[in-house]
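Given only the sequences and the hints, what does the whole structure look like? Please build it.
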Amino acid sequence: MADVQAPRVDASVKKRFLCVNRKAPYGTIYALEALEVVLISAAFEQDVSLAFLDDGVFQLAKGQSTAGIGMKNFSPTYKALGDYEVRKIYVEKESLDERGLAPADLMEITYEDEAEGFAEKPLIRIVSRAELSEIMAQQDILLNF
Amino acid sequence: MADVQAPRVDASVKKRFLCVNRKAPYGTIYALEALEVVLISAAFEQDVSLAFLDDGVFQLAKGQSTAGIGMKNFSPTYKALGDYEVRKIYVEKESLDERGLAPADLMEITYEDEAEGFAEKPLIRIVSRAELSEIMAQQDILLNF
Amino acid sequence: MNEGPYTHQASDSAYQFVKAALERGHEIFRVFFYHDGVNNGTRLMVPPQDDRNLQQAWSQLAEKHQLDLVVCIAAAQRRGVLDAGEAKRHGKDADNIAPGFRISGLGQLIEAGMVADRLVVFGD
Amino acid sequence: MNEGPYTHQASDSAYQFVKAALERGHEIFRVFFYHDGVNNGTRLMVPPQDDRNLQQAWSQLAEKHQLDLVVCIAAAQRRGVLDAGEAKRHGKDADNIAPGFRISGLGQLIEAGMVADRLVVFGD
Amino acid sequence: MPTLHTVNKSPFERSAFISALNHMRPGDALLMIEDGVVGARKASAFAALLENASQRCAIYVLAPDLAARGMAEKDLVPAAKLVDYGGFVDLVVQHARTQAWL
Amino acid sequence: MPTLHTVNKSPFERSAFISALNHMRPGDALLMIEDGVVGARKASAFAALLENASQRCAIYVLAPDLAARGMAEKDLVPAAKLVDYGGFVDLVVQHARTQAWL
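Chains as they are written, first to last, in this note's numbering: chain V, -7 to 137; chain H, -7 to 137; chain A, 7 to 130; chain E, 7 to 130; chain P, 35 to 136; chain X, 35 to 136.
Because the hints were derived from the structure by calculation, they are not lab data. Keep in mind that the hints are not guaranteed to be accurate.
EDC-like mimics (lysine to aspartate or glutamate), calculated; alpha carbons at most 20 Å apart, straight line [stated by the list, open to error]:
#1 X:K76 - X:D124
#2 A:K98 - E:D99
#3 E:K94 - A:D99
All values reported here derive from a predicted model rather than from experimental measurement.
Structure (structure tokens):
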């Protein structure tokens, strides 16, 4: 999806990055270009997680079909995040509720757990607003989109 | 402020244009570039009026001082609108109220009434939301910013 | 058209709207690119191969239907969209205007409002 | 820096912030231009004479303080901001990158996050 | 002749949707496009407001934008009618003017 | 170490301000910049909310942005403290991370 580059910094640095997604997909490009940041970050072996809140929860909606608007449907890429070493995707419950969305309306995103014989495990964790605030407070870097 | 061009169309066409201003100044350029449209429109002898509602009412706030942000203060240009044959500037009362603004917080904008010996008359008319909706419904063209 | 390509959907929406209007047999008097909309008119864009190229889409639609695509001169200067004449006039060593787009004044927007039966704004 | 010049105040705010940080004696490891922010890096902009020139402001600040101004390559390609090498690679007849800006990959943003003590995002 | 109002932003993100509703006159039409389509979801915080507005105004949703966001007619308030880009053009023709609540 | 939250959009236009307030933890700071400064007006629809938040978080307003919009300290809720760009830099240094509610 984008050029991979070798990190040029001290490889022992490991920071917690949280990509904070708050916008609906397609109306603006932020969702897509945020995803490109996450894919690139895998090459740097950082502790990268993603948060979806406010209209950002629509990025994970099932069944996106963009044929009618002439834009590329990039939602399948979210399903590949497990392969990019992403292990934490947080979705805010209150944001879902306000929008009349249930967790079942979101795509299933899994990763293969090496420690348990590559068993498929869900990547999405539904968290409360208070929990998400706590998670944000534990990060080194917040990438805002 | 911008190049003036001679109209190339049937000069007898006279339509009602309303420039609808809904954004605060400086945070985005829409206020400034909307003003440039109004200034240009004078050369076309159309019936041009302006509406300020939602955060657009901040465009008319008194005492704007932009030295600290390195941007040009274009608010004095609003005071010259009378010279550009603008005769109707509508400001929505409900938008002022919600923002804790009073009509006295707005710049004084006047025009010289030729019919009354060039007496200075106020250009701003405070209107209710219902009145503004009615005014919008009477236009040929709505220019949205 | 008030927004640039890709960041906001406005350019896509306007393009789809214009295409549908032409298919319905309507005449498009003009498409006026204002604010960041002027950035649709740069021929230097190179989107990923699996993505649409909005400049080419507009240029091709213009060629097919003789559309008048006007880029606002004042807005374009601020944002670095120039034709050869503008580049020369301002001492710039390059220009970037795309085929089918022409640079002109804001009066073209007022004129379009006077002539056309309807005016629709796409933006952020 | 996620937004282009003029339309949103983000570029002005980021510029004022960087200037103030330098005045306070802080080191700016990098300014990364992403999304429409890449449009700050075109040398073709010609704002009105009574207005600020944001590209020049950034270029001059970079020269004075040896700032590393990085334009995201993927975002820049989409929006038509190219250096000479990129232009050649994509068969374009012109480039528009401004002095003091360099085009590189998104990894430079992650790297900056790893190296710098603080990362601040300016946008719409 | 009535006015067509377009809203292209989510009501969860911006107040433009509310502004549009506040300025629509009986007989006007509302067309929700781009991210604005999410405002027509049933069971959302804005559903009651939209149903209420539908008593005096027609409510349209641009179908291609709805599909892009993973939704279909069944996800919307009952008053919402789907149109495609051609339908958007027809609405512009059928109304005297278009107010875009950007 | 607490978080600095920046809000650059008017609460009358976008929900980012409310989102910021909803996610701030005791001891965090809120800095209102650009069009966001209008959210600190006293007697506005958001004044009570902001005063309430000020019980647990510091509220800052970027003075140059305030002046550009024709306002001064007297127009703001009492809890708001003015800073310049240098003060903005200091706030970034004093907090472990910055969350920009774009």
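Can the restraint linking K76 of chain X and D124 of chain X be considered satisfied, given a maximum Cα separation of 20 Å?
Cα-Cα ~26 Å, so violated.
Given the hinted pair K94 of chain E and D99 of chain A, is their alpha-carbon gap at most 20 Å?
16 Å, holds
Tell me if the straight-line CA distance from K98 of chain A to D99 of chain E falls inside 20 Å.
Holds, at about 15 Å.
Hint check: a violation occurs at hint 1 only; the rest are consistent with the structure.
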